[in-house]
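As given, the protein sequences belong to chains A and B, one line each in that order. Numbering of the first sequence is given in the numbering used here, commencing with residue 18 and proceeding in unit increments. Numbering of the second sequence is given in the numbering used here, commencing with residue 582 and proceeding in unit increments.
Just so you know, the hints here were simulated from the structure itself, not pulled from any lab data. There could be a bad hint or two in this list.
As the list claims (entries may be wrong) - On the chain A side, residues computed to face chain B include the following (Cβ under 7 Å):
(1) Thr-91
(2) Lys-109
(3) Gly-110
(4) Ile-111
(5) Ala-120
(6) Pro-124
Virtual Cβ for every residue (Gly too), placed ideally from N, Cα, C.
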Amino acid sequence: MLELKNISYEVSDENDNKEILKNISLSIDERFVAITGPNGGGKSTLAKLIAGIIKPTTGKIFLDGKDITDMSITERAQNGISFAFQQPVRFKGITVKDLITYAVGHPISTTEACSYLSEVGLCAKDYINRELNASLSGGEAKRIEIAMTMARGTALSIFDEPEAGIDLWSFQSLIKVFEMMHEKAGGSIIIISHQERILNIADKIIVLANGELVNMGGKDEILPSLLTDGPGCSVLMDKMKEVRNG
Amino acid sequence: MDRITKDLLEQVAGLHDIPTGAYNIRKDGQLYGRNVSANIDIVTKTDKPGIDIIIKDNTVNESVHIPVIIAQSGLKEAVYNDFIIGENCDVTIIAGCGIHNGGKEASEHSGIHSFDIGKNSKVKYVEKHYGQGEGTGERIMNPKTHIVLKEGAYMEMDTVQIEGIDSTLRETSAKLADDARLVIKEKIMTHDKQYAETNFSVDLDGVNCSADLVSRSVAKNESKQIFKSEINGNNICHGHSECDAIIMDNASVKALPALTANNLDASLIHEAAIGKIAGEQLIKLMTLGLSEEEAEKEIVAGFLK
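Generate coordinates for the entire structure from the input sequences, incorporating the hints supplied.
So this is what it looks like as structure tokens:
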């Protein structure tokens, strides 16, 4: 179980301090938890705080009752947190197989590495020895990012807009990946998303807007309000309508 | 074969033992071993130190190893190796120099190489420079390579200096005839107070000739690197050079590219990027469970792979 207690995150501007996250307290224990809300609402910042990439200004983070607030990125990763970036990072000379091997944490066979790529809809033999460099398309890099997270097999995984840029691969396949990950590792999968089809599989939806937790609950409770009169969520509402109508 | 010789040969030429095919091994300024084949002749020069490597027309799928080993501290030598390669060949040449300096005095090797590559021949040239030894004496290498590519000839030069060379000046020049192509891939890593300077100068003289020079380097600690490249487009041609460097600690890297187009249809490009390891690369590997030091090591190793 992941617990955030009174988490605030401020950045210093030239003259004043800007509060990106304001006194967020929540707990995550469900299978699939979606974090949604308008752009700039603080969703990615929250994900980075959980992964340890940034440290909160105030507040505490607990993983299975253990205070992880002061743990480094590496320590959190070793304690069972995985994070799939919104923008996959490109390298020079490091291959897809290298990255999957780091993710698994011990040397693996090519067949095993390939199995993760097949799960995300990539023809493994075309990719396994390729460098994860700028020659890969955004969608390809994104799927490899998901495959790496899957390969880690940790009890807590965070996906920052996993569906973005993946056009040819269906939502259904992405959801299958989440289900399979949960089957193997248990725990919770946190998904930052604007997509109704993702929100629909969530056991819990957290709505963040202007750095504040504006709503939290089961999908039956949250989803209707998001689509009609979500507080301060006009962007999301428009997006939802687009998806529903399109 | 003693342990140091064996170790150096493995490092610079990937050899575990005496190679098959044509070879010439030079150790501490002396001939250590030589073999010639029906198509590849190796002849000792009479006017200066060095050898001529003569490869007959139509020689295909053959290789020549010409490693140089220096295990004697304080040895300084300049060696002239001339490669005369016939027409329609397809050969691999593996050179390289390893210095083990266990003493106080500087050991220095200057390999002066010339390649005359016949029409439509294809040559892969692999060169590795490596230094080791517990002594305080400097390990210095100043390779000079001049390449002439005749019509339709192709050469790929892979040159690597990853470890242990205190000071190096690497000069490579080339002249290309019609339809010739030159590809140079250079990898350099310097550390502590090492200094490495690379000078490329390429004349694209022939119609539709092309050159691609790519240098990747990592400079650590207090080391310094200078990358100079000059491509002269004298005909309808394509020239590309790229310098991609990672700096760490208090190192410094300078890139001085020069492109000269003397023909309206010369197409010349240079790219240079110098900077520290991208923070997001470190973070990504750390989210996979690697420590910052491990992440840094993997990024550098991948970059120089």
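A quick look at each hint next to the structure:
1. Proximity of A/Thr-91 to chain B holds as hinted, the smallest CB-CB distance being about 5 Å (cut-off 7 Å).
2. For A/Lys-109, the suggested interface contact is upheld, since its CB lies about 5 Å from the closest CB of chain B, less than 7 Å.
3. With a least beta-carbon distance of about 3 Å to chain B, the hint placing A/Gly-110 at the interface is held under the 7 Å criterion.
4. Here the hint on A/Ile-111 is kept, as its CB sits about 4 Å from the closest CB of chain B, short of 7 Å.
5. Proximity of A/Ala-120 to chain B holds as hinted, the smallest CB-CB distance being about 5 Å (cut-off 7 Å).
6. At its closest, the beta carbon of A/Pro-124 sits 14 Å from a beta carbon of chain B; the interface hint therefore is violated under the 7 Å criterion.
Taken one by one, the earlier hints fail for this structure only at number 6.
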